[in-house]
Amino acid sequence: MDEQKRESYLSRSAVVIEQVQQCIASGLEGVSTEELEYFLNVLIRMNEAVKTGNMPPSERRYRELTGLIMDHWPWDNPIVNSITGLEEMYCNL
722 MDEQKRESYL SRSAVVIEQV QQCIASGLEG VSTEELEYFL NVLIRMNEAV KTGNMPPSER
782 RYRELTGLIM DHWPWDNPIV NSITGLEEMY CNL
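Its first residue numbered 722, the sequence shown is counted upward by one per residue in this note's numbering.
If you're looking for bench data, these hints aren't it; they were derived computationally from the structure. All of these numbers come straight from a predicted model, not from anything done at the bench. One should not assume that every hint holds.
Label-pair restraints from in silico Cβ distances [unchecked claim]:
id, residue 1, residue 2, range
1, Leu-731, Arg-784, 25 to 31 Å
2, Pro-777, Ser-747, 28 to 34 Å
3, Ser-753, Asp-723, 15 to 21 Å
4, Gly-774, Pro-799, 15 to 21 Å
5, Glu-739, Thr-773, 28 to 34 Å
6, Arg-727, Gly-748, 29 to 35 Å
7, Trp-796, Thr-773, 16 to 22 Å
8, Val-736, Glu-785, 17 to 23 Å
9, Arg-781, Asp-723, 15 to 21 Å
10, Asn-798, Thr-773, 15 to 21 Å
11, Asn-775, Ser-729, 16 to 22 Å
12, Pro-795, Ala-770, 26 to 32 Å
Subject to a maximum C-alpha distance of 20 Å in a straight line, what follows is the list of computed SDA-like cross-link-like pairs (lysine to any residue) [stated by the list, open to error]:
id, residue 1, residue 2
13, Lys-726, Asn-768
14, Lys-772, Ser-729
15, Lys-772, Gly-748
16, Lys-772, Cys-744
17, Lys-772, Arg-733
18, Lys-726, Val-771
19, Lys-726, Leu-789
20, Lys-772, Glu-755
21, Lys-772, Gly-806
22, Lys-726, Gly-751
23, Lys-772, Met-722
24, Lys-726, Cys-812
25, Lys-772, Glu-756
26, Lys-726, Pro-777
27, Lys-726, Lys-772
28, Lys-726, Trp-794
29, Lys-726, Gly-788
30, Lys-726, Leu-757
31, Lys-726, Cys-744
32, Lys-772, Val-801
33, Lys-726, Pro-778
34, Lys-772, Ser-747
35, Lys-726, Trp-796
36, Lys-726, His-793
37, Lys-726, Ser-779
38, Lys-726, Thr-805
39, Lys-726, Asn-802
40, Lys-772, Met-810
Glycine included, C-beta positions come from ideal geometry on N, C-alpha and C.
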């Protein structure tokens, strides 16, 4: 894995995880707390996989959160771009 891409991902991941934690604390219209907590757990697992280098092969990385967002979330919240962009980075590592 390219070290620069890895560091960029980890830096961005920390920001997105913080954003999701803030959404859990304050609420996000149209999204349940349970769903936000699920997203947070997935993002933390992705982050740990990148930190440890224990990622699935690229063909087994997919955009689960992006699919859920497309199906259920309001698109006018900036957290949408943060999560989908981070997931895109993860899949391209």
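Evaluation of the provided hints:
{"no.": "1", "hint": "Leu-731 / Arg-784: 25 to 31 Å", "in the structure": "19 Å, violated"}
{"no.": "2", "hint": "Pro-777 / Ser-747: 28 to 34 Å", "in the structure": "33 Å, holds"}
{"no.": "3", "hint": "Ser-753 / Asp-723: 15 to 21 Å", "in the structure": "36 Å, violated"}
{"no.": "4", "hint": "Gly-774 / Pro-799: 15 to 21 Å", "in the structure": "30 Å, violated"}
{"no.": "5", "hint": "Glu-739 / Thr-773: 28 to 34 Å", "in the structure": "21 Å, violated"}
{"no.": "6", "hint": "Arg-727 / Gly-748: 29 to 35 Å", "in the structure": "33 Å, holds"}
{"no.": "7", "hint": "Trp-796 / Thr-773: 16 to 22 Å", "in the structure": "33 Å, violated"}
{"no.": "8", "hint": "Val-736 / Glu-785: 17 to 23 Å", "in the structure": "20 Å, holds"}
{"no.": "9", "hint": "Arg-781 / Asp-723: 15 to 21 Å", "in the structure": "19 Å, holds"}
{"no.": "10", "hint": "Asn-798 / Thr-773: 15 to 21 Å", "in the structure": "31 Å, violated"}
{"no.": "11", "hint": "Asn-775 / Ser-729: 16 to 22 Å", "in the structure": "19 Å, holds"}
{"no.": "12", "hint": "Pro-795 / Ala-770: 26 to 32 Å", "in the structure": "29 Å, holds"}
{"no.": "13", "hint": "Lys-726 / Asn-768", "in the structure": "13 Å, holds"}
{"no.": "14", "hint": "Lys-772 / Ser-729", "in the structure": "12 Å, holds"}
{"no.": "15", "hint": "Lys-772 / Gly-748", "in the structure": "29 Å, violated"}
{"no.": "16", "hint": "Lys-772 / Cys-744", "in the structure": "24 Å, violated"}
{"no.": "17", "hint": "Lys-772 / Arg-733", "in the structure": "13 Å, holds"}
{"no.": "18", "hint": "Lys-726 / Val-771", "in the structure": "10 Å, holds"}
{"no.": "19", "hint": "Lys-726 / Leu-789", "in the structure": "25 Å, violated"}
{"no.": "20", "hint": "Lys-772 / Glu-755", "in the structure": "26 Å, violated"}
{"no.": "21", "hint": "Lys-772 / Gly-806", "in the structure": "18 Å, holds"}
{"no.": "22", "hint": "Lys-726 / Gly-751", "in the structure": "33 Å, violated"}
{"no.": "23", "hint": "Lys-772 / Met-722", "in the structure": "11 Å, holds"}
{"no.": "24", "hint": "Lys-726 / Cys-812", "in the structure": "12 Å, holds"}
{"no.": "25", "hint": "Lys-772 / Glu-756", "in the structure": "24 Å, violated"}
{"no.": "26", "hint": "Lys-726 / Pro-777", "in the structure": "16 Å, holds"}
{"no.": "27", "hint": "Lys-726 / Lys-772", "in the structure": "12 Å, holds"}
{"no.": "28", "hint": "Lys-726 / Trp-794", "in the structure": "28 Å, violated"}
{"no.": "29", "hint": "Lys-726 / Gly-788", "in the structure": "24 Å, violated"}
{"no.": "30", "hint": "Lys-726 / Leu-757", "in the structure": "26 Å, violated"}
{"no.": "31", "hint": "Lys-726 / Cys-744", "in the structure": "27 Å, violated"}
{"no.": "32", "hint": "Lys-772 / Val-801", "in the structure": "23 Å, violated"}
{"no.": "33", "hint": "Lys-726 / Pro-778", "in the structure": "16 Å, holds"}
{"no.": "34", "hint": "Lys-772 / Ser-747", "in the structure": "29 Å, violated"}
{"no.": "35", "hint": "Lys-726 / Trp-796", "in the structure": "27 Å, violated"}
{"no.": "36", "hint": "Lys-726 / His-793", "in the structure": "30 Å, violated"}
{"no.": "37", "hint": "Lys-726 / Ser-779", "in the structure": "15 Å, holds"}
{"no.": "38", "hint": "Lys-726 / Thr-805", "in the structure": "17 Å, holds"}
{"no.": "39", "hint": "Lys-726 / Asn-802", "in the structure": "19 Å, holds"}
{"no.": "40", "hint": "Lys-772 / Met-810", "in the structure": "14 Å, holds"}
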